Amino acid sequence: MRNWLLAAAVGALYLLHQDFWFWDAARPLVFGFLPIGLFYHGAYSLAVAGLMWVLVRYAWPTHLEADAESAPASEPPGEAGERS
Amino acid sequence: MIPALVVFLYLGVVLYIGIFAFRRAGGREEAEGYFLANRSLGQYVFLLSLFGTNMTAFTILGSAGHAFSNGVVTYGLMGSSSALVIPVTLYLFGTRVWALGKRFGFMTPVQMYRDRWECGHIGTAIFAVQATLLVPYIVIAVMGGGTTLSAVSGGAVPYWFGGLVVAAVVMSYVFFGGMQGTAWVNTFQTVLFLTFGAAAIVFIGVSIGGFPQALERLADAPETAALLTREHVSPRFFFSYMLIPLSSIMFPHISIFCLTARRMGQFRKTVIFYPLCILAIWLPCTFLGLTANAMTDVPGIESKIEARAVLAAERETLSPAETAELQRAAAGDDVIILMLEHYAPLWLAGLLGAGIMAAVMASDSQILALSTMFTEDVFAYYGGKSRFGSAVQVQTGRVFVVLIALVAYVIALQAPPGIFGIAVQYAFSGFTTLLPLLVAALFWRGSTKWGALAVVVWTAVTMTAIAVLQAAVPPPPPGTVVPVWTVAGVDVVTRTPGGTDVLGYMPVLPMLLGSSLLMVVVSRLTPKPPAATLARYFPVESPLRPGSPR
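These protein sequence lines are chains A and B, in that order.
Each residue of the first sequence is one higher than the last, beginning at 1 in the working numbering.
Each residue of the second sequence is one higher than the last, beginning at 1 in the working numbering.
Bound conformation, chain B alone (with noise of 0.2 Å):
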């Protein structure tokens, strides 16, 4: 119980870092104060409070869960991959985002799209998209919560109410605290899980009597040898994930954040930096995953590994309800826990508790910019802001930060395990199928809000069609795929394991390529904006042209 103890000792730090922000804002109540933090942080927090954004309950437990189930594979499928296209997007979009909105007044990417191609209710259309593809990552965030407190308590506090306290306490210091607030707590929660996630690996590995000896033993075993390499996953399917990190920059919340800088100077060190925090990360989850395969010892671990033995060896005989049953016990998402909780005593599990509490609660980013895209893209827009006055226009970002958590919670009751999967398949390959609405916003003369438009409805459509078609088909056991669409003996949609593959691409390859043609291709079918509208954005040798002199 010590360490559930810890771990609600730093919940109640975060609420009150929340809480102070609230305090010192002195009841300054002016919408840009709220939800950008009157564009004012400076580069450290800028840097750490970006990251630790990006850094949720995914890249902690999931990451760990996924290599834990899949090897090394891990990192090179979301880390390294990310190091590079996060810090490229963000010096490529993320500068001029915040150029934009400094020149403008913009606080949401919606306002921006309104204004560039002079939509206005297709402009609403976005904002439905993207607050229907973030809601699945608040989901997991509040589904690790509570599989972390529940793991570190040892099953004395209860999933649902490990959740309940999660979803309370980002939803208290959102609501008082709006952007100030989280960007604190985000850089608190980052210094946490860096130097906590470095002394976990220094633990267990002299708990273990170190690492090589557990690296051995699984290269020589047959059933765990494949781990170490990436001969169970095809070339097609990890290139394909290569464009998953394309949607960090179309996250709203990350897009929002990089109008908080208070320069453009501050995302020198972000870029740089970026791929340093994420090694710093994502290795360690990789490796601590795959060498919890090397911890029989652990009784937890010990049942996961029996569950995916015999999944392997009877998954012809089983019914679609044990196969379901056998793969929720072989999940891993809780392995770093278990392994904490063994090997680590229990005021350093507390704390290493803690660092993990401090990524999987990275959701509140998240509850603050589908806040701040509520109150400005709908409110604002639809005449409240004119009507109510500023201070009503907060007030009703405050309520909706309250009625996200409470959704959120209530889906993550009943929303399946994995949270990797989940995460992956709907958010991530969502909005890396809306970034041709950012590229042709910011690079494109030619680009037409009926362009934009299409763009989202194939967004939609194409999640849409994902969803159904992975209800009707159940998950296949590991190792097999159920061919969904075949042409002429080629399998073009299969059912895998974990989602659906095209051709053996990710969803997200053709996704990707379907709206990228239908903006070039409606685009040059229908009007363009006004040449007055065009020449705010793009005036002659103006640095925001493609092809100026820089």
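Excised from the complex, chain A in its bound form (with noise of 0.2 Å):
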């Protein structure tokens, strides 16, 4: 459940790239000088750094390190005649 809603979230951040509500806007200039899409799209990445931060704490695939480590130390990869 918790990784769906993670997905979810993913998701809804893919989509409010497409802010079209600020398209054809210039004003307000935030802070004096920043046109309001681009301020939008700079809150934009502080959210995506946010949203990182919780994939990390509560979706992070540990499993697939213990799995790598564990694993015995395999050949490397073969060459030509071995494989068709």
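It should be emphasised that the hints constitute simulated quantities derived from the structure, not laboratory data.
In this text the structure is predicted, and so the values were computed from the model without any measurement.
Where a beta carbon is used, it is the ideal one built from N, C-alpha and C, also for glycine.
Any given hint might turn out to be false.
Calculated pairs, DMTMM-like style, for lysine to aspartate or glutamate (alpha carbon to alpha carbon, straight line, at most 25 Å) [claimed, not checked]:
no.	chain 1	residue 1	chain 2	residue 2
1	B	Lys385	B	Glu30
2	B	Lys269	A	Glu69
3	B	Lys269	A	Glu65
4	B	Lys385	B	Glu216
5	B	Lys269	A	Asp19
6	B	Lys528	B	Glu118
7	B	Lys385	B	Glu32
Okay, the calculated beta carbon distance ranges per label pair [unchecked claim]:
no.	chain 1	residue 1	chain 2	residue 2	range
8	B	Trp160	A	Gly11	46 to 52 Å
9	B	Pro345	A	Arg2	51 to 57 Å
10	A	Leu16	B	Arg24	42 to 48 Å
11	A	His63	B	Gly154	56 to 62 Å
12	A	Ala7	B	Ala221	42 to 48 Å
13	B	Gly154	A	Asn3	42 to 48 Å
14	B	Val392	A	Trp23	40 to 46 Å
15	A	Phe31	B	Gly12	38 to 44 Å
16	B	Ala312	A	Trp53	55 to 61 Å
17	A	Val30	B	His121	52 to 58 Å
18	A	Asn3	B	Pro345	50 to 56 Å
19	A	Gly11	B	Ala221	48 to 54 Å
20	A	Phe20	B	Ala198	29 to 35 Å
From the two separate chains plus the hints, produce the assembled complex.
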């Protein structure tokens, strides 16, 4: 359930990138110099960093590392004659 | 000339770092050491180096130039979209590539594909397409080097010599330092352009008396007001551009770099901080490029704005040659450098030029990746390693580094201007189209080598078709399009000033849909790899298997 919620959050952020509501707007100039559309996407990047923290904190695939570390040492990849 | 001397000093420093890494290796000539730094990078070097690898001439010069011509849309197109897509792909795919590399000893993505689908020559086909797509990316770095050195020296260093110097320096430290030297140089470079990027913003802002006045002027002037909005860009184009950052994980230098982490935990900070690094670099570059439109007191910028105005006013009457000449004159790839030259003192312009040069020179990883792929996927795979040994393999990789740098330089001398367009049209779209290879290899048991071949052939055919189309139909003047294929009154394919559109979307959308469909259909019609192979990748309750408990 938690993973589904996180996937939905990523999907929602993907959609929020299409901010048609600021498409034709230059003003207000946030802080006096940032056009609103540019400010939105700057804030969007901060929101993404927040979501990435949540992903790393609550859905980190630690089993991948354990699996890789515990696997026996394998032969290096083979050469042409060893497969079709 | 002082800024150019500072930049040359900087080039000497990065050369030293690369050679220092070579000496530190103590002459050990193992392939894994040279090509992957013995899978030993720590978390900060991993983060900064990975970020630096993705930040190129395209980022600093291309994004500012694009913002100069197109306004704030630049950050949404490639900045904030990358801030989301690249960390997510590192999280989903990068960690799994690392785990498989650790388990099975892979050094390149092609080795993984060959093992996963039990294919030999199809892997070579994947190598060929990846290598072909990577070359333009290396070329833009050489072009950026030529542009930067020429600009910071006020034209005293010609473009051809600047490009030559950059190609030679990058080639040298990759040649000696391998992945370890490249990672250290990238880390140094990332710190440099993060620091000096912030300094550039502050200094230019103070010099022009504050940004608010400049932005008010732009917002009030009819000819520039649109640059503060996205009204000149269609939502379809903007939406499809979001697919471009999917290419990142498919670039061989990024997927190979994923194999260099000491532990998978090194990805954690990279995933979290990547969007913040994007914000710190792309937003200032976009903003400075936009603000350059208000700096009509800078002679070089004024002439660009005049050229753009002539293009817009007389586009119906201009000949193709005149249009091309004006487009060249209006191109904004060097606006940041022109601003620094005009507003910053010489010593600071030199330091900032070095910061820009740091980004421009990020082609090192691509060159090393191409060398790694050649020596592992071709030389070693076809028996070179077992016949001549690991030391000869590394020497072969070094020779290949020299050859790539030379070829990139020769192409850069012939290539047209417009760093941004070249990169996007070829390298990025092509690698995004290849994405189904990685997704299917990691997550879909039912995928087959024939499905993989279909993806590769589709990518090659569509990329060639776009290149032929764009060579045959010259770009129309800004603000116009040329219908190329019309069905029932609907323009399906159009030639635009910046490239090609399909139903208003970037070609990358139908290209990705097509490659995904081909992977599914062809895989369903062809035999699967043996059960033993599938069991290695998708063991029961394996974490590599989608849907397994976490």
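Consistency of the hints with the structure:
With a CA separation close to 11 Å, the supplied pair Lys385 (chain B) and Glu30 (chain B) stays within the 25 Å bound. With a C-alpha separation of about 20 Å, the suggested pairing of Lys269 (chain B) with Glu69 (chain A) holds against the 25 Å cut-off. Note on Lys269 (chain B) and Glu65 (chain A): the hinted pairing holds, with a Cα-Cα distance of about 16 Å set against a maximum of 25 Å. Between Lys385 (chain B) and Glu216 (chain B), the direct Cα distance comes to roughly 64 Å. Violation of the 25 Å bound is thereby established for this hinted pair.
For the hint linking Lys269 (chain B) to Asp19 (chain A), the alpha-carbon distance of about 28 Å lies beyond 25 Å, and the restraint is violated. Proximity of Lys528 (chain B) to Glu118 (chain B) is assessed by CA-CA distance (about 10 Å); at most 25 Å being required, the pair is judged to hold. Between Lys385 (chain B) and Glu32 (chain B), the direct Cα distance comes to roughly 13 Å. Compliance with the 25 Å bound is thereby established for this hinted pair. Under the hint 46 to 52 Å, the C-beta atoms of Trp160 (chain B) and Gly11 (chain A), about 48 Å apart, fit the expected range.
Distance hint for Pro345 (chain B) and Arg2 (chain A): a CB-CB separation of about 54 Å, consistent with the stated range 51 to 57 Å. Evaluation of the 42 to 48 Å hint for Leu16 (chain A) and Arg24 (chain B) yields a pass: the beta carbon distance comes to about 46 Å. The given range of 56 to 62 Å is respected by His63 (chain A) and Gly154 (chain B), whose C-beta atoms sit roughly 58 Å from each other. The hinted range of 42 to 48 Å is satisfied by Ala7 (chain A) and Ala221 (chain B), whose Cβ atoms lie roughly 45 Å apart.
In this structure, Gly154 (chain B) and Asn3 (chain A) break the distance hint of 42 to 48 Å, their C-beta atoms being roughly 57 Å apart. Restraint check, Val392 (chain B) to Trp23 (chain A): a C-beta distance of roughly 58 Å breaks the suggested window 40 to 46 Å. Between Phe31 (chain A) and Gly12 (chain B) the CB atoms are about 40 Å apart, so this pair conforms to the stated range of 38 to 44 Å. Distance hint check for Ala312 (chain B) and Trp53 (chain A): the Cβ-Cβ separation is about 45 Å, which falls outside the suggested range of 55 to 61 Å.
Between Val30 (chain A) and His121 (chain B) the Cβ separation comes to about 56 Å, which falls inside the hinted range of 52 to 58 Å. In this structure the supplied range 50 to 56 Å holds for Asn3 (chain A) paired with Pro345 (chain B), their Cβ-Cβ distance being about 54 Å. As the Cβ distance of Gly11 (chain A) to Ala221 (chain B) is approximately 40 Å, the hint placing it in 48 to 54 Å is violated. Hint check: Phe20 (chain A) to Ala198 (chain B), Cβ distance near 32 Å, so the stated range 29 to 35 Å holds.
Going through the hint list in order, the structure does not satisfy hints 4, 5, 13, 14, 16, 19.
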